[in-house]
Amino acid sequence: MTIGERLLVFEKCPDAFGNDPRVQNILVRIHLNILQFLGKSLHIFRRRAAVQVCKLLSPKFDKNVQGILSELERDERTLLAIINAAQTQRALEFYGRVDLELKEATTHRLMTSRQMLMTARQMLKQILAPAVFLDDKLNEARKILTKFPMSGQWLLQHADFLVWAENNKTPSTQVLVLDGIPGAGKTILSYIAFDSLLNQAGGNSRYKVHHLRLTERPHQNNNCLGAMQSLLYEVSSQNLEEIQPIIDSLRQIQGLEREHIIEQNLSNIMASNDPTFLFIDGLDELNDFEIQKILEILGTLLKQFSGLRVFFSCRMQGRIKAIISAWDHVSIPITGSLLHNDNDIQQFVHHSDNIKVLTSDYKFNFTQARAYLDAVCTKAEGMFLYAKLVLAELKFQSCDKRRVEDLIQELPDSLDGAYQRSLERVSKLHKNLCLRANRVFQLLVAQQPLQETDLKQAVVDSFNESFIPNMELRQSLFALCGPLVEVNSDGIVTLVHSTLKRYFLDVNDLMAKRDDLVAQKSEVLAKKDGLITETNALALKIKDLETENNNLMEKQREMEIRKFELEKENKGLLKGFWYHQRESFRSLGSEKRKRIKEAKRQELLAGLGATPSVAEENFA
1 MTIGERLLVF
11 EKCPDAFGND
21 PRVQNILVRI
31 HLNILQFLGK
41 SLHIFRRRAA
51 VQVCKLLSPK
61 FDKNVQGILS
71 ELERDERTLL
81 AIINAAQTQR
91 ALEFYGRVDL
101 ELKEATTHRL
111 MTSRQMLMTA
121 RQMLKQILAP
131 AVFLDDKLNE
141 ARKILTKFPM
151 SGQWLLQHAD
161 FLVWAENNKT
171 PSTQVLVLDG
181 IPGAGKTILS
191 YIAFDSLLNQ
201 AGGNSRYKVH
211 HLRLTERPHQ
221 NNNCLGAMQS
231 LLYEVSSQNL
241 EEIQPIIDSL
251 RQIQGLEREH
261 IIEQNLSNIM
271 ASNDPTFLFI
281 DGLDELNDFE
291 IQKILEILGT
301 LLKQFSGLRV
311 FFSCRMQGRI
321 KAIISAWDHV
331 SIPITGSLLH
341 NDNDIQQFVH
351 HSDNIKVLTS
361 DYKFNFTQAR
371 AYLDAVCTKA
381 EGMFLYAKLV
391 LAELKFQSCD
401 KRRVEDLIQE
411 LPDSLDGAYQ
421 RSLERVSKLH
431 KNLCLRANRV
441 FQLLVAQQPL
451 QETDLKQAVV
461 DSFNESFIPN
471 MELRQSLFAL
481 CGPLVEVNSD
491 GIVTLVHSTL
501 KRYFLDVNDL
511 MAKRDDLVAQ
521 KSEVLAKKDG
531 LITETNALAL
541 KIKDLETENN
551 NLMEKQREME
561 IRKFELEKEN
571 KGLLKGFWYH
581 QRESFRSLGS
591 EKRKRIKEAK
601 RQELLAGLGA
611 TPSVAEENFA
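Okay, so the sequence shown: first residue is 1 according to the UniProt record's numbering, each after it adds one.
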């Protein structure tokens, strides 16, 4: 490459790189080398032609030229490397800015999408008003799995459950029923199975798992419409594309048309035939009419979509058994002859905390503690609720000089017996504490759920104690009512089980009959007291009448005296009247006679024709 071309390369060096000290030094050195070369060339070209040729062909000149050219090449490479590095850095900075802007745009888009989804979910929640229990119950199930790692494994490894949970579009079993007596742990087992499938689904968007909890409390999925609204919210709340059509279709629509549109929306969402697992718990807590409506809708969905699979955790009895028996279903009994949950209840009862209570508080040895816990497992017959109540009551019983045989003998025979023993302990509390507990039970048996404010009102008596932190509030509630009540994470207080409410109602019926007898006796006594009271009232009335009669007689005497005085005064007035009347008549008579005499005199004078004066004189 010629020196001129080298110069052109260096002239093309961008001005932005001219400020770099390294580039400046290279450019200065390049220009000095070029000037040195040009100076030598001019010095040679001033000579004669022969000398020029000799100089140009001399090795020294060639060496100088090669040195200058090699130095120019080296500087060119250095300069190009600096320029390339700078351009690369600029390109990296540019792409970094572009990537940052892209990330910001993506974040903004995600935030916008998230905000739109949250807004749409809030609107959908206002329209459907769902009752969602998922977080609280799911956390409770996860805590149980943390404390008892093998809980529910028999269900997850059961052959029928594995067949039902297969990830295919045409399952051999669409309906699975977890059957068991009250208090056997059906709800917790359903949440354990739900959590297992939820973990298996992971990030697979085509693998849908949903849970629906039904209860008998108002506004908490206690009827078909509320349950379907909660189910529709559950299956559509994660997808903005599914929420908007639901909002548009359900806005300002009520009644039977609303139920029909909700069923249509459920059908549209499940129409993809993707594997959809639906867990339904507490169906047996509703009345027969609502049960039939819910099962009719689910039966229609099961016929339409082969990918839908339903897991019921409820008692197979009454209307539920009559309808589900006609379906192609598989039933897994928890209790009974098989007693699948025996290992779970053994693990629950023989926990180290329970053994510690018996060995430290009751001073039993390990063998005695095991014997008592074995007796609890035998009496429980698969009922976790029974074991929970019995073990919780250990903390409230007197543990001085108690024998393990006595404790075993005192174990209640049934779940109702466990309820009765807990209530008997509450009834033996101080009067004020018993009244507080009674307030709590009355509020919990009522239709509306008990909030924290209601709880404070029920537990606290005086105004000075009105501020109680939640933890102290829950501890005081447990000290009052024992294991019969629970406080959920959302602050709602509930009875430990729905069967406790039925027990309260049955006890109230017996108490009502006893109260009727007491009322009849009280009525007889009240009638007797009424007669006595009426007799006393009559005696008082007679006395009042006698007093009134005496007063009237005294008034009558006063009136007679007044009458006599008035008659006497009247006689005096009449006498004066007749006297004046007689005198007036007398004066009138004399006047009249005078007038008659005067008239006769005038008449006589007129007859005589005399003047009055002459006549008067003659008359005189």
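I should point out that these hints are in silico values taken from the structure, not numbers from a laboratory. One or more of the hints may lead you astray.
Said to hold, decoys possible - Calculated cross-link-like contacts (lysine to aspartate or glutamate; reagent style EDC-like; alpha-carbon spacing at most 20 Å): (1) Lys125 with Asp274; (2) Lys137 with Glu242; (3) Lys428 with Glu393; (4) Lys395 with Glu410; (5) Lys303 with Glu166.
Restraint status (C-alpha distance of Lys137 to Glu242 at most 20 Å): 26 Å, violated
Holds or violated: Lys395 to Glu410, with C-alpha atoms at most 20 Å apart: 15 Å, holds
Restraint status (C-alpha distance of Lys428 to Glu393 at most 20 Å): 14 Å, holds
Distance restraint between Lys303 and Glu166, which requires alpha-carbon spacing of 20 Å or less: 19 Å, holds
Given pair status - Asp274, Lys125, alpha carbons within 20 Å: Distance ~25 Å between Lys125 and Asp274 Cα, so the pair is violated.
This entry does not satisfy hints 1, 2, going by the numbered hints stated previously.
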